[in-house]
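K.L.:
As a plain string of letters, each chain reads:
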Amino acid sequence: MTVNNAGTISSTDASGFGIIGGIVTVTGNTGSILAGGANGIGIKSNSNADITNGAGGLISGGMTGIDAFNLVTVNNAGTISGTSATGFSYGISASTVNVTANTGTISGVGGGVGGSTVNVTANTGGITGSAFGIAAATLATVNNAGTISGTGADSVGISASTGGGTVNVTANTGTISGGSGGIQADTVKVAANAKTITGGVFGIGAQTLATLNKRRHHLGHGCE
Amino acid sequence: MPAPSRARARGSGGITGGTVNVTANTGTISGVLAGIGAADVNVTANTGTITGGANGIHAATLATVDNAGTISGTDTGGIGIFAGTGTVNVTANTGTISGVLAGIGAADVNVTANTAASRVARSASALAVAA
Numbered sequence: 001m002t003v004n005n006a007g008t009i010s011s012t013d014a015s016g017f018g019i020i021g022g023i024v025t026v027t028g029n030t031g032s033i034l035a036g037g038a039n040g041i042g043i044k045s046n047s048n049a050d051i052t053n054g055a056g057g058l059i060s061g062g063m064t065g066i067d068a069f070n071l072v073t074v075n076n077a078g079t080i081s082g083t084s085a086t087g088f089s090y091g092i093s094a095s096t097v098n099v100t101a102n103t104g105t106i107s108g109v110g111g112g113v114g115g116s117t118v119n120v121t122a123n124t125g126g127i128t129g130s131a132f133g134i135a136a137a138t139l140a141t142v143n144n145a146g147t148i149s150g151t152g153a154d155s156v157g158i159s160a161s162t163g164g165g166t167v168n169v170t171a172n173t174g175t176i177s178g179g180s181g182g183i184q185a186d187t188v189k190v191a192a193n194a195k196t197i198t199g200g201v202f203g204i205g206a207q208t209l210a211t212l213n214k215r216r217h218h219l220g221h222g223c224e
Numbered sequence: 001m002p003a004p005s006r007a008r009a010r011g012s013g014g015i016t017g018g019t020v021n022v023t024a025n026t027g028t029i030s031g032v033l034a035g036i037g038a039a040d041v042n043v044t045a046n047t048g049t050i051t052g053g054a055n056g057i058h059a060a061t062l063a064t065v066d067n068a069g070t071i072s073g074t075d076t077g078g079i080g081i082f083a084g085t086g087t088v089n090v091t092a093n094t095g096t097i098s099g100v101l102a103g104i105g106a107a108d109v110n111v112t113a114n115t116a117a118s119r120v121a122r123s124a125s126a127l128a129v130a131a
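Those sequence lines, one after another, are chains A and B.
According to the working numbering, the stretch in the first sequence is residues 1 to 224, in order.
According to the working numbering, the stretch in the second sequence is residues 1 to 131, in order.
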C-alpha cells in the first residue's frame with residue numbers, strides 16, 4: 001500500500017485505523033491521518049512501514065500514531081501523536097523504530113517512541129511522553145540536537161530495559177530530560193554530550209533509585 | 001498493541017547493577033539527587049559539569065574518572081564522587097571535584113594525577129562517612 005495524502009483520512013471507531021495494511025508506505029502526508037478512538041491507530045502495518053510526514057502533516061491515534069509489527073522508518077516534519085490518556089499511548093511503536101529525521105513533534109501520553117530497538121539518527125525536533133520520551137526494551141541509539149523528554153514526575157527521557165538494555169547517545173547537542181531521570185538503562189554510553197542531560201533524581205542512571213536514596217539519607221538528608 | 005509491553009523500562013526500578021560510560025562531556029549532566037548513578041561509572045573525558053545534590057557521580061562498585069571540568073555534590077552532606085564500599089580511581093584531574101561534605105568518598109580512593117592548579121575538596125571525614 002502506497003499513500004500520498006494532502007487531505008483527511010480518518011476513522012471514528014473506538015478501535016479504528018486511519019490506514020491499515022501489510023507493507024505500508026506513505027510517501028508524503030501534509031494532511032491528516034487520524035484514528036480518534038481510545039484504541040485507535042493512525043497508521044497500522046502488519047509488516048513494515050516507511051512513513052514520510054511533511055510539515056503540517058498530522059498522524060494521530062488514540063492508542064498510537066504509527067504502529068508496525070516489524071520495522072517502521074519515519075521521516076517527520078509534522079506531528080505524530082498518541083493521544084489517549086486512558087491507555088499507555090505512543091506516538092510511534094514497532095519492534096524496530098528508525099527515526100531518520102525529525103524536525104517536528106512526536107509525542108504520546110505514555111511515550112513518544114517505543115520499541116524493542118529504537119534508532120534516532122537525527123532529531124532536531126521534539127520527542128516527548130509523560131512516562132518516556134523514548135523507551136526501548138533492548139537498545140536505543142540516539143543522535144539528538146533537539147528535545148527528548150519525559151514530562152511526568154516519574155518519567156525518563158531515554159530508557160532501555162534495566163535488565164540488560166543499552167542506551168547509546170552518539171551525540172547530544174540538545175536536551176535530554178525526565179522528571180525522574182534523563183537516561184536510564186542497564187548500560188548507558190554517552191559518546192559526546194555538549195549540552196544538557198538532566199533529571200529530577202538523576203541525569204544518567206543505571207542503578208536503583210532506592211540505592212541512591214539510601215545513600216542520600218545516610219549522608220544526612222533526612223532519614224538517619 | 002505491542003509497544004506498551006515491549007518497552008516497559010521504567011525509571012524506578014529493580015536493578016542493582018549497570019554501567020555508565022561517558023567518553024566525552026562538554027555540557028551538563030545533572031540530577032537533583034545524582035548526576036550519574038550506576039554500579040560502574042567510567043568518565044574518560046569531562047570538560048563540562050557533572051553535578052547532583054547528593055553526588056555528582058555515585059558508583060556502587062567502581063568509578064573511574066578523568067576530569068578537566070567540574071564534578072560536584074551540592075547539598076548538605078554532598079560528595080563529588082562517591083563509591084561507598086567500592087573504589088574511586090581518579091586517573092587525572094585538572095578540574096574541580098568538590099562536595100559540601102567531601103570531594104571524594106569511598107572505601108578505596110586512588111588519585112594518580114591531580115595537578116597543583118586543580119582542586120579535590122576532600123574532608124577528613126569522607127572515608128568514615130563512606131564506610
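Quick caveat, the hints were computed from the structure, so don't treat them as lab data.
Note that this is a predicted model, so its numbers are computed, not measured.
Ideal Cβ positions, reconstructed from N, Cα and C, are used throughout, including at glycine.
Misleading hints may appear alongside valid ones.
Examples of chain A residues toward chain B, derived with CB under 8 Å [said to hold, decoys possible]:
id, residue
1, M1
2, G181
3, K189
4, A191
5, K195
6, T196
7, G199
8, G200
9, V201
10, I204
Simulated DEER-style distance windows between Cβ atoms [claimed, not checked]:
id, chain 1, residue 1, chain 2, residue 2, range
11, B, T44, A, T121, 19 to 29 Å
12, B, T115, A, A122, 54 to 64 Å
13, B, N114, A, A85, 15 to 25 Å
K.L.:
Give a verdict on every hint.
P.N.:
These are the hints, each one checked on the structure:
no., hint, in the structure
1, M1, "violated (20 Å)"
2, G181, "holds (5 Å)"
3, K189, "holds (5 Å)"
4, A191, "holds (5 Å)"
5, K195, "holds (4 Å)"
6, T196, "holds (5 Å)"
7, G199, "holds (5 Å)"
8, G200, "holds (5 Å)"
9, V201, "holds (5 Å)"
10, I204, "holds (5 Å)"
11, B:T44 to A:T121: 19 to 29 Å, "holds (24 Å)"
12, B:T115 to A:A122: 54 to 64 Å, "violated (39 Å)"
13, B:N114 to A:A85: 15 to 25 Å, "violated (52 Å)"
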